[in-house]
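Participant: Chain by chain, the residues:
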Amino acid sequence: MMRLPNFRFVAPTSVHQAAELLAASSGDTMLVAGGTDLLPNMKRRQQAPGTLVGVRHIAELRAISSGDGVTIGAGLTLTDVIRLRQGFGGQAREAYGALWQAAAQVATPQLRNMGTLGGNLCLDTRCNYYDQNYEWRKAIDFCMKKDGETCWVAPSSPKCVAVSSTDTAPALLALGASVTLVSANGTRQIALSDMYRNDGIHYLTRQRSEILTSVHVPRLDGWRSVYWKLRRRGAFDFPVLSVAAAAKIAKDGTVEAARIVLGAVASRPVEAPAEAIAALVGRPLTDDLISEVAERAAQPSRPLDNTDFTLVWRKRMTKFFVSYALKELRGDDMRARRLKVSRQELL
Amino acid sequence: MVQITLTVNGEPVDVAVAPYKTLLEVLREDLNLCGTKHGCELGECGACAVLLDGQPVLSCLVLGVDCGGRAVTTVEGLASDGRLHPLQETFADLGAAQCGYCTPGFLVTAKALLDEHPRPTRDHIRDALSGNLCRCTGYQQIYEAVEAAIAKGSR
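These protein sequences, in sequence, are chains B and H. Residue numbering for the first sequence follows our numbering, starting at 964 and increasing by one per position. Residue numbering for the second sequence follows our numbering, starting at 2 and increasing by one per position.
Incorrect hints may appear among the rest.
What the hints assert, rightly or not - Here are some, though not all, of the chain H residues that point toward chain B, as calculated from beta-carbon distances under 7 Å:
no.	residue
1	P20
2	E42
3	L43
4	G44
5	A50
6	P57
7	V58
8	L59
9	V66
10	D67
11	D124
12	D128
13	A129
14	S131
Simulated from the structure, these hints should not be mistaken for laboratory data. Idealized CB from N, CA, C, for every residue including glycine.
All chains, full assembly: derive it from the sequences and hints.
Facilitator: Dropping the structure here:
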């Protein structure tokens, strides 16, 4: 039986109180919201914080406001985020489609009732050599990410290559989202893209004293967005490849603007190269154009041998997933394909 | 130890919990409600599912100290007035429980589904139960038992 290590638990009722607690802590204090990422890690002794600050009781973190786009509290559960869809009109529902599709494909219904949007954005990076219990990791003399020195995936690598495994981050990056970070010293708003670093250990630019309080998604008139996820089973599994795509398509079918983001192929979500987007803009989404853009957008996909499935196959699948996403954006009925590759019907 | 008050299966309960104990451990070890099962303990199986304020969650990943003031329903709370819940009857009648280890998690998760959608389709049932694993692989009988419970309830 795996017990949690002992810790002190505090449950502030405001963001201000929580920020003060983090500011006063010695560095072994961590935030916990849904607990679905942190608690398994603590049971495996990947993290052993002396103090946990529970933020579930902070009402501010569950606020939703719309105006110029929508601001979503980071403390809303993924189930709450999926339900938000009902409150939006047809256009916004289509524009933010990638977010609903990503949230609906995270883990399982029970875990979506617990895990929060902020928690999924800050999800610890994952690796076959890291997500193991203490004894397993000790037997290989640990790894660079926790207690060891060597990266067992790429022993000559100077940095950890654990994989960004969040579903909502690629989707929100495709939507051009920004996030608000609050600490005792003040508040800053940064592009979501700037919160991530391609380093399996220091994968977030968020400071330990900062709380991710909300996510802002801009107004996207005339846009559509989609999210495609590769995994072994139709539930539970983290992505081993994902593609989020958003596009503004004119009435005559010409692409006016687009963003494509790859997930689970590096230690951060990776945006498609500018030339892939440039190839899309000003042209209609024909099959030929989709194949060409898919090849270019898949270029940065360099998965390593540290998740489920073989890396060669995951890399090869990238261009296909980009093409599925672009076809869905074009308006093709992709439900059968989605059921085949994602093994989950999006209800 | 932290003193908390929560509602378990409709009754208020005072319990002193160690901060490191999960809700699963509080239920089984401190409240002697052993119907909820220890499975993988990492959120990968659904055996420990309970209803927290009516929503299915995994009790192995909920901190006991964070449950003050909340309402928990475990499999022990499904029967009322000495009568089994329709889901419990149909699970028994249709062989939806084989070894039975996953059954409490399936029952409470299915109950939450029926509380919210009285007449779900097979696709909705499959989706709602996608977070529960049955190692005996008796999924067909489980889906059929949920459908039979719906039919029973609407008669």
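Participant: It remains to establish, for every hint, whether it holds in the given structure.
Facilitator: Comparing the hints with the structure gives:
Evaluation of the P20/H hint against chain B yields a held restraint, the C-beta minimum of about 4 Å falling below 7 Å. Against a cut-off of 7 Å between C-beta atoms, the interface hint on E42/H holds, since the closest Cβ of chain B lies about 5 Å away. At its closest, the beta carbon of L43/H sits 4 Å from a beta carbon of chain B; the interface hint therefore holds under the 7 Å criterion. Restraint check, G44/H versus chain B: the minimum CB separation of about 6 Å is within 7 Å; hint holds.
A hinted interface residue such as A50/H counts as satisfied when its beta carbon comes closer than 7 Å to some beta carbon of chain B; here the least separation is about 6 Å, so the hint holds. Here the hint on P57/H is kept, as its CB sits about 5 Å from the closest CB of chain B, short of 7 Å. A cut of 7 Å between beta carbons decides the hint on V58/H: the least distance to chain B is about 5 Å, and the hint holds. Using the Cβ-Cβ criterion of 7 Å, the hint placing L59/H at the interface with chain B is satisfied: the shortest such distance is roughly 5 Å.
Taken as an interface hint, V66/H checks out: its beta carbon lies about 5 Å from the nearest beta carbon of chain B, inside 7 Å. Residue-level restraint check for D67/H holds (minimum Cβ-Cβ distance to chain B is 5 Å; threshold 7 Å). At about 6 Å, the closest approach between the beta carbon of D124/H and any beta carbon in chain B falls short of 7 Å, and the interface hint on this residue holds. This hint holds: D128/H has a C-beta 6 Å from the nearest C-beta of chain B, less than the 7 Å allowed.
The interface hint given for A129/H holds, since its Cβ lies 6 Å from the closest Cβ of chain B, which is under the 7 Å cut-off. Given the 7 Å rule on beta carbons, the hint for S131/H holds: about 4 Å separates it from the nearest Cβ of chain B.
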